[in-house]
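Chains A and B, in that order, give the protein sequences. Mind the numbering: the first sequence is residues 1 to 435 in our numbering, read in order. Mind the numbering: the second sequence is residues 1 to 435 in our numbering, read in order.
There may be inaccurate statements among the hints.
If chains are identical, the list can't say which one is meant, so a pair holds when it fits in one copy or spans any two.
Below 20 Å or equal to it, Euclidean Cα-Cα: the simulated EDC-like pairs (lysine to aspartate or glutamate) are [unchecked claim]:
#1 K388 - D127
#2 K12 - D127
#3 K419 - D331
#4 K249 - E220
#5 K52 - E68
#6 K388 - D103
#7 K51 - D62
#8 K51 - E68
#9 K138 - D87
#10 K138 - D103
#11 K352 - E363
#12 K138 - D226
For the record, the hints were derived by calculation from the structure and aren't laboratory data.
Number of protein chains: 2
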Amino acid sequence: MRLSEYFLPTLKETPAEAQIVSHRLMLRAGLIRQSSAGIYSWLPFGFRVLKKIERIVREEQDAAGCQEMLMPTIQPADLWRESERYDDYGPEMLRITDRHGRDMLYGPTNEEQITDIFRTSVRSYRDLPLILYHIQWKFRDEVRPRFGVMRGREFLMKDSYSFDIDADAAARSYNKMFVAYLRTFERLGLKAIPMRADSGPIGGEKSHEFLILAETGESEVGCHRDFIETDLTDQAIDYDADLQPIVDKFTARYAATDDQRDPEKEKALGDDLVTARGIEVGHIFYFGTKYSKAMNAVVTGPGGDQVPVAMGSYGIGVSRLVGAIIEASHDESGIIWPQPVAPFGVGLINLKADDGNCNEACESIYRRLGDKGIEVLYDDRRERAGVKFAEMDLIGLPRQLIVGPRGLGEGRVELKERKTGERREMTIDAALEAL
Amino acid sequence: MRLSEYFLPTLKETPAEAQIVSHRLMLRAGLIRQSSAGIYSWLPFGFRVLKKIERIVREEQDAAGCQEMLMPTIQPADLWRESERYDDYGPEMLRITDRHGRDMLYGPTNEEQITDIFRTSVRSYRDLPLILYHIQWKFRDEVRPRFGVMRGREFLMKDSYSFDIDADAAARSYNKMFVAYLRTFERLGLKAIPMRADSGPIGGEKSHEFLILAETGESEVGCHRDFIETDLTDQAIDYDADLQPIVDKFTARYAATDDQRDPEKEKALGDDLVTARGIEVGHIFYFGTKYSKAMNAVVTGPGGDQVPVAMGSYGIGVSRLVGAIIEASHDESGIIWPQPVAPFGVGLINLKADDGNCNEACESIYRRLGDKGIEVLYDDRRERAGVKFAEMDLIGLPRQLIVGPRGLGEGRVELKERKTGERREMTIDAALEAL
Numbered sequence: 001m002r003l004s005e006y007f008l009p010t011l012k013e014t015p016a017e018a019q020i021v022s023h024r025l026m027l028r029a030g031l032i033r034q035s036s037a038g039i040y041s042w043l044p045f046g047f048r049v050l051k052k053i054e055r056i057v058r059e060e061q062d063a064a065g066c067q068e069m070l071m072p073t074i075q076p077a078d079l080w081r082e083s084e085r086y087d088d089y090g091p092e093m094l095r096i097t098d099r100h101g102r103d104m105l106y107g108p109t110n111e112e113q114i115t116d117i118f119r120t121s122v123r124s125y126r127d128l129p130l131i132l133y134h135i136q137w138k139f140r141d142e143v144r145p146r147f148g149v150m151r152g153r154e155f156l157m158k159d160s161y162s163f164d165i166d167a168d169a170a171a172r173s174y175n176k177m178f179v180a181y182l183r184t185f186e187r188l189g190l191k192a193i194p195m196r197a198d199s200g201p202i203g204g205e206k207s208h209e210f211l212i213l214a215e216t217g218e219s220e221v222g223c224h225r226d227f228i229e230t231d232l233t234d235q236a237i238d239y240d241a242d243l244q245p246i247v248d249k250f251t252a253r254y255a256a257t258d259d260q261r262d263p264e265k266e267k268a269l270g271d272d273l274v275t276a277r278g279i280e281v282g283h284i285f286y287f288g289t290k291y292s293k294a295m296n297a298v299v300t301g302p303g304g305d306q307v308p309v310a311m312g313s314y315g316i317g318v319s320r321l322v323g324a325i326i327e328a329s330h331d332e333s334g335i336i337w338p339q340p341v342a343p344f345g346v347g348l349i350n351l352k353a354d355d356g357n358c359n360e361a362c363e364s365i366y367r368r369l370g371d372k373g374i375e376v377l378y379d380d381r382r383e384r385a386g387v388k389f390a391e392m393d394l395i396g397l398p399r400q401l402i403v404g405p406r407g408l409g410e411g412r413v414e415l416k417e418r419k420t421g422e423r424r425e426m427t428i429d430a431a432l433e434a435l
Numbered sequence: 001m002r003l004s005e006y007f008l009p010t011l012k013e014t015p016a017e018a019q020i021v022s023h024r025l026m027l028r029a030g031l032i033r034q035s036s037a038g039i040y041s042w043l044p045f046g047f048r049v050l051k052k053i054e055r056i057v058r059e060e061q062d063a064a065g066c067q068e069m070l071m072p073t074i075q076p077a078d079l080w081r082e083s084e085r086y087d088d089y090g091p092e093m094l095r096i097t098d099r100h101g102r103d104m105l106y107g108p109t110n111e112e113q114i115t116d117i118f119r120t121s122v123r124s125y126r127d128l129p130l131i132l133y134h135i136q137w138k139f140r141d142e143v144r145p146r147f148g149v150m151r152g153r154e155f156l157m158k159d160s161y162s163f164d165i166d167a168d169a170a171a172r173s174y175n176k177m178f179v180a181y182l183r184t185f186e187r188l189g190l191k192a193i194p195m196r197a198d199s200g201p202i203g204g205e206k207s208h209e210f211l212i213l214a215e216t217g218e219s220e221v222g223c224h225r226d227f228i229e230t231d232l233t234d235q236a237i238d239y240d241a242d243l244q245p246i247v248d249k250f251t252a253r254y255a256a257t258d259d260q261r262d263p264e265k266e267k268a269l270g271d272d273l274v275t276a277r278g279i280e281v282g283h284i285f286y287f288g289t290k291y292s293k294a295m296n297a298v299v300t301g302p303g304g305d306q307v308p309v310a311m312g313s314y315g316i317g318v319s320r321l322v323g324a325i326i327e328a329s330h331d332e333s334g335i336i337w338p339q340p341v342a343p344f345g346v347g348l349i350n351l352k353a354d355d356g357n358c359n360e361a362c363e364s365i366y367r368r369l370g371d372k373g374i375e376v377l378y379d380d381r382r383e384r385a386g387v388k389f390a391e392m393d394l395i396g397l398p399r400q401l402i403v404g405p406r407g408l409g410e411g412r413v414e415l416k417e418r419k420t421g422e423r424r425e426m427t428i429d430a431a432l433e434a435l
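Take these sequences, add in the hints, and give me the full structure.
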């Protein structure tokens, strides 16, 4: 993509309304634009990141045997009356009346909707286990939306729902999702730590949050040093095998969110204790028959009896992750995208766009990288070098290839790593090889 | 995908509420489930079709130089007050009040939202032309939603918006989208005919609808026989070239929607007139400065003056297309998917799932097709042959590979074309070759 043709409206000023760094950088680097409080448009640059995260989340869900579908954003209130959550949910639920006076709502989550689909579709235990998921916009009418996409009102979430014949089978589904989440966050370039958590309004018996650590996190967490220092899932996963040993390896170590911390245990850890601020990026729940009993989602069991299914739900905040990744990966100059979610892999900077040699070299590099399937953002504008450097650092592409008339005279270009700032001079061929 | 593990809840009975064939077949073949009137969940099978259509639409938009972004579903009413459409729009607009009493709405279209983004981002004519698009859920609170996804309330639409310095430049953007639409529908396996149309609530000076012909279409259209009998865009398109000759070739021929038909012209056509029922699948508009003037979206022109931009908008009904394709392509046994949007390319039928030889052969075929990157739905269930045949016809995969014990004894399988019903016996290797 040529920057001269790309819709990337960056801001020079820091927007006053943005309190945290990810919000500031997402506005400044042209990822998003506010539509109204807590509601954003995703501009092309931000949209690319959102799609890359979505793709990785999807691939790992599919690998774990989940099946993708799509539920609507607007749900009938009656479903939520069946589960008795309609009155409980409070003003965070966006309630809507349609033209015929029917009570509707913008779904903040989908337990009721999926349970309704299940109960009208599945009759026998032989059709279990089943894990369905979708990636869809949700709405929570936060009283004070802030922190950009980190605590917005309209947000993109991946939510999965598991259906099993009994608690033992449901534990296997829970473990699948536990491991799939570890894999997902690893592939996103994040270190996410699973922590025992409170179930909140979803309800249920067992729950883990997945948090990433960042100085600007929402709350303080405590965990064992091993979570930080070792990679625990670098093996291939067989989702048909018993995953309990992997889950145990993680849950055996101490890790607790703010409200679950245990001073005694933390003291015992000594030097192995790490305290840091965390950002929630995923949350998984086992709630057994809470919804299936309330909504009569039963199947015929092996003995011919009618059994309410055991269920769990599993969420990843896809749009929130864009902010969380920036919170965990930036410096004073701007964003530093982890390679797997970078909107473009390489930024190509033409230092002198009115110089024939520079243009020719850049066009050739741009074409050759494109032929290799590498996504390049090519700054072909007639701007001062300083402006180009600052903007390329701001938008945070992992690597920059810098082409100027002086270096080019000696047949050389510069390759800069955004993260370390390291710059190396090399021939064009060597640079292309390195990319 | 193994059918024994796939969530494909087909229905034996024809649902009473479904009046048209696509609605009936989408419910029966397990593509969708109604959530409330005019609002549907997309089950995994239907979701695959939706994604395939979306991908083709996206690829053709990108090829035409459009940039993808994503606007939110919920918009502030104030934007619509600026364009004076808030009061005009009537009860089809789903109006929402948030917890702070602010007027919001579920976007039925996005002219105001995109104009707002443009006016806060673009300052100079040098940043034009610009075409932005998104693929997002919309809501129109139809008084009587019916015909399934063909006239639903929550629907998925691709909408693009073009920005140009003047009417001449805007005509070039209009032509790009005109041609991109022809290409898109062609790739979807459809014959879509552009017809001069009324602008309706979008407003503006020039407008074309794209209609496909189907016996069950919404309204009667008249057009020149050439549209039916010749393929007019089988050439490669250079979107930087002058596209007027291609557009002229199409618009020179007579083609008119119900309310635009001209008895005189139709009489003159004689035998070249075709009348048929049509289904609208796309609509493009040029409305000049209607929104840019109302909302003050101006850029600095070449002469230094402030110029309101000339705009157009361009929609494709992505979820509606699933229904439209079925209306145009089915028979009494079920759906007949055009290859490009088929949820799976091949259905593999194991006629005797308790027979060792059949299982072994099917597993091997399933693996080999998968290795070739062909998407296969493998019916590995223990069901009667009749049930399997009927269900495979109902769900409409373009090709069926039938493996039974008798044929297998002679080393042969059967390859059936869903569309023609033609069945050919051949060796497994020959069948794999043919696929």
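Right, here's what the structure says about each hint:
For a Cα distance limit of 20 Å, the shortest separation of K388 from D127 across copies, 17 Å, qualifies, whereas the shortest one inside one copy, 57 Å, does not. Taking the shortest Cα distances, K12 and D127 sit within 20 Å of each other only across copies (18 Å), while inside one copy they are farther apart (57 Å). Only within a single protomer do K419 and D331 lie at most 20 Å apart by alpha-carbon distance; the minimum there is 9 Å, versus 59 Å between protomers. In this assembly of identical chains, the alpha carbons of K249 and E220 never lie at most 20 Å apart, being 23 Å within a copy and 67 Å across copies at closest.
Taking the shortest alpha-carbon separations for K52 and E68, both the intra-copy value of 17 Å and the inter-copy value of 14 Å come in at or below 20 Å. Within a single copy, K388 and D103 get their C-alpha atoms no closer than 53 Å, and across copies no closer than 42 Å, so neither meets the 20 Å cut-off. Both within a single protomer and between protomers do K51 and D62 lie at most 20 Å apart by alpha-carbon distance, with minima of 16 Å and 15 Å respectively. Both within a single protomer and between protomers do K51 and E68 lie at most 20 Å apart by alpha-carbon distance, with minima of 16 Å and 11 Å respectively.
Within a single copy, K138 and D87 get their C-alpha atoms as close as 19 Å, which meets the 20 Å cut-off; across copies the closest is 27 Å, which misses it. Taking the shortest Cα distances, K138 and D103 sit within 20 Å of each other both inside one copy (17 Å) and across copies (19 Å). For a Cα distance limit of 20 Å, the shortest separation of K352 from E363 inside one copy, 13 Å, qualifies, whereas the shortest one across copies, 60 Å, does not. In this homomeric assembly, K138 and D226 never come within 20 Å of each other (Cα to Cα): the closest approach is 35 Å inside a single copy and 47 Å across copies.
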